[in-house]
Amino acid sequence: MFDIEEKIKRIILEQVGIEVTKATLLAEIVEDSLSKIDLLFHIEKELDKSISQDEVLNLETVGDLVEAMTM
1 MFDIEEKIKR IILEQVGIEV TKATLLAEIV EDSLSKIDLL FHIEKELDKS
51 ISQDEVLNLE TVGDLVEAMT M
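Going by the working numbering, the sequence shown wraps up at 71, each residue one higher than the last.
Everything labelled a hint here was simulated from the structure, so no lab data went into it.
Treat the hints loosely; a few may be bogus.
With a Cα cut of at most 35 angstroms, we get these calculated DSBU-like pairs of lysine-lysine [as the list claims (entries may be wrong)]:
no., residue 1, residue 2
1, K7, K45
2, K49, K7
3, K22, K9
4, K7, K36
5, K9, K49
6, K7, K22
7, K45, K22
8, K45, K9
9, K22, K36
10, K49, K36
11, K9, K36
12, K49, K22
Using the sequences plus the hints, can you model the full thing?
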């Protein structure tokens, strides 16, 4: 899980230029839902994993995203 967490943090830093923790709210790092979808697309592509639309709707923090990508 640590490896996935670090990869997600790196991708967020590359995509939006912000260093994050697991407690960081996704709403703080993306401007709107389209930006959130774009960021998630990059993460899914990089990790070769996907998450369901239902899971996407429930993502609030970077930690939620890490958890969803490790399931």
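Now the hints, each set against the structure:
no.	hint	result
1	K7 with K45	holds (12 angstroms)
2	K49 with K7	holds (13 angstroms)
3	K22 with K9	holds (9 angstroms)
4	K7 with K36	holds (17 angstroms)
5	K9 with K49	holds (16 angstroms)
6	K7 with K22	holds (12 angstroms)
7	K45 with K22	holds (20 angstroms)
8	K45 with K9	holds (14 angstroms)
9	K22 with K36	holds (16 angstroms)
10	K49 with K36	holds (16 angstroms)
11	K9 with K36	holds (14 angstroms)
12	K49 with K22	holds (19 angstroms)
Against the hints set out earlier in the document, no violation occurs for any number.
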